[in-house]
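Novice: If you're matching positions, the sequence shown starts at 274 in the numbering used here and goes up one per residue.
In case anyone wonders, no lab produced these hints; they're calculated from the structure.
Treat the hints with care, since some could be wrong.
[Unchecked claim] In silico lysine-lysine, BS3-like type, Cα no more than 30 Å apart, as pairs:
{"hint": "1", "residue 1": "543", "residue 2": "610"}
{"hint": "2", "residue 1": "551", "residue 2": "562"}
{"hint": "3", "residue 1": "620", "residue 2": "543"}
{"hint": "4", "residue 1": "448", "residue 2": "680"}
{"hint": "5", "residue 1": "680", "residue 2": "543"}
{"hint": "6", "residue 1": "697", "residue 2": "562"}
{"hint": "7", "residue 1": "502", "residue 2": "381"}
{"hint": "8", "residue 1": "448", "residue 2": "697"}
{"hint": "9", "residue 1": "540", "residue 2": "551"}
{"hint": "10", "residue 1": "540", "residue 2": "680"}
{"hint": "11", "residue 1": "502", "residue 2": "680"}
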Amino acid sequence: MLSKSSSIAAHQPLLHFLLLLLSNFSWATSSSNSSTPQNFIQCVSINSQLSVPVVTTLFTPNTSSYNSVLTSTVSNLRFLEPSFSKPQFIFTPLHDSHVQAAVLCSRKLGFHIRIRSGGHDYEGVSFASHFQTPFILIDLINLRLVDVNIEQNSAWVQAGATIGELYYRISQKSKVHGFPAGICPSVGIGGHITGGAYGSLMRKYGLAADNVLDARIVDVNGEILDREKMGEDLFWAIRGGGGGSFGIILWWKIRLVPVPETVTHFKIGKTLEQGALKLVSRWQQVMDKFDEDLFMNVRFTVINSSCNSSVNQRTLRIDYNALFLGDCNRVLQVVEKCFPELGLERKDCMEMSWAESAFYLFSDGKPVESLLEVKTIPRIYFKAKTDFVTVPIPEEALEEIWTRLLKEENEPMIWTPFGGMMSKISETEIPYPHRKGILFMIQYFSSWEDEEDSERHIDWTRELYEYMTPYVTNSPRLAYVNYRDLDLGINEKNTNLLTLTSSDHWGIKYYKKDNFKRLVQVKSQVDPDNFFRHEQSIPPLNY
274 MLSKSSSIAA HQPLLHFLLL LLSNFSWATS SSNSSTPQNF IQCVSINSQL SVPVVTTLFT
334 PNTSSYNSVL TSTVSNLRFL EPSFSKPQFI FTPLHDSHVQ AAVLCSRKLG FHIRIRSGGH
394 DYEGVSFASH FQTPFILIDL INLRLVDVNI EQNSAWVQAG ATIGELYYRI SQKSKVHGFP
454 AGICPSVGIG GHITGGAYGS LMRKYGLAAD NVLDARIVDV NGEILDREKM GEDLFWAIRG
514 GGGGSFGIIL WWKIRLVPVP ETVTHFKIGK TLEQGALKLV SRWQQVMDKF DEDLFMNVRF
574 TVINSSCNSS VNQRTLRIDY NALFLGDCNR VLQVVEKCFP ELGLERKDCM EMSWAESAFY
634 LFSDGKPVES LLEVKTIPRI YFKAKTDFVT VPIPEEALEE IWTRLLKEEN EPMIWTPFGG
694 MMSKISETEI PYPHRKGILF MIQYFSSWED EEDSERHIDW TRELYEYMTP YVTNSPRLAY
754 VNYRDLDLGI NEKNTNLLTL TSSDHWGIKY YKKDNFKRLV QVKSQVDPDN FFRHEQSIPP
814 LNY
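Whole structure, please, built from the sequences with the hints as guidance.
Specialist: Below, the structure written as structure tokens:
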């Protein structure tokens, strides 16, 4: 154990110094209560291999930097509103042993914890609580090392690193290696992989979680476990079973995948007046049969179709945003063969490196060095939901979708193509089950700038989701856990197997029945008292 008496003695001078520092803080909690920030930091200091600099790792509501630390990586402003509980204090560890000690001390002092690696959780459960129960936030933002080993085609990456940082570090070592994670550079890799993690290489190599070789996780006992120590059941569960349920991910060891030195990006937009309806109908028919080197998603956006600002004429534009693992000559041949209706021409193609392509799929393109910028997403209010489609949506339904989209502003919808490698991996290989038979995933994404508009936009999203019921998966209606949606349900006490296997349970929608049942079994073994928990964490039986 880390709390041996020899360790305590070695830290006595440090503790005296820490106590002097802590006396300058105005603590929000009564000193008579053992569950206070100063008791927590004392405990962490005793149980850590390295000293803990209080001023740069502990932030209470009475410290000037608390709000800036809390909001530093938040993308959804909805969960900064007063109606949601905020952490009693924030701890930003600098070392793996700090995380171990934080778990031990939180259990000892009775703190409920939330864990944040990037802050992009769609429903804010990594940094806020929908329950009115006190909690502390362990923010992994300082743990962001990336160690790339080209000779072994692998890399160790800390949970606090972003996707952009990982891509950049890979690109500095090789132009012909990549990794099949997401296209948003500021997402934290720790939580990203726990949900499966799809991106532009998914049709070629599957998900990020499909390409994890090892991991290091702090369990409920404060021990660091690698793949061998944790066993294959827990290793299975953490690769797609969602974050915040089984422990705190410290490191992922990932498999690097080969990419050509030159890839091609193109984006072609068509409006309703330019035949967008027929074209997107055709895309549904052929996209899962595309060459595995071709990824082409579809984004629906409402635009102003008139150059005269005094005339309010709006239309829908559908953008086909693509990455091809090869040069322009080859992609022209591939698209001409499988989707000639798109009308792709040489002037539409942009050749670049794989690392450069990350920003072109996410935005309009920036230098590779921009991948290191943490804050690449605007801070907005938003609500999202997801669906999976197995049969093409008929044109009459598409027309109704267009009508609904045109009634609102800033309500894009994104269709992500499946097929390729995604159809070849078993749905039970990892907890993420959305594989063979899925044509594409739909993301409904409504955003706004003023908090007062929240109810209207959320209602609109829910109404569109309800309209889509006949055209998407059912029994269960599937959803993607990394686009978390609390409308599907939240945890309740006294769970039992009958409740957990009901087709309308949120866990069945994210993972399907067999995977969710196995996740519950793993949770019941490794964390039976449900220490790691949030609104949609995997519940143990009979908790």
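Novice: For every hint, state whether the structure bears it out.
Specialist: Verification of the hints:
1. This hinted pair checks out: residue 543 and residue 610 have alpha carbons roughly 20 Å apart, not beyond 30 Å.
2. With a C-alpha separation of about 18 Å, the suggested pairing of residue 551 with residue 562 holds against the 30 Å cut-off.
3. Between residue 620 and residue 543 the CA atoms are separated by roughly 16 Å; this keeps the pair inside 30 Å, and the hint holds.
4. A threshold of 30 Å between alpha carbons decides the hint, and for residue 448 with residue 680 the separation of about 45 Å lies outside it, so the pair is violated.
5. Restraint check for residue 680 and residue 543: satisfied, since their Cα atoms lie roughly 19 Å apart, inside the 30 Å limit.
6. For the proposed pair residue 697 and residue 562, the alpha carbon gap of about 13 Å is at most 30 Å, so the pair holds.
7. Taken as a hint, the residue 502 and residue 381 pair is honoured in the structure, with Cα atoms around 24 Å apart against an allowance of 30 Å.
8. Under the criterion of a C-alpha separation no larger than 30 Å, the hint pairing residue 448 with residue 697 is consistent with the structure, at around 27 Å.
9. For the given pair, residue 540 sits about 18 Å from residue 551 by alpha-carbon distance, which is consistent with the 30 Å threshold.
10. Note on residue 540 and residue 680: the hinted pairing holds, with a Cα-Cα distance of about 25 Å set against a maximum of 30 Å.
11. Taken as a hint, the residue 502 and residue 680 pair is broken in the structure, with Cα atoms around 55 Å apart against an allowance of 30 Å.
The structure does not agree with the numbered hints 4 and 11 stated previously, though it agrees with the rest.
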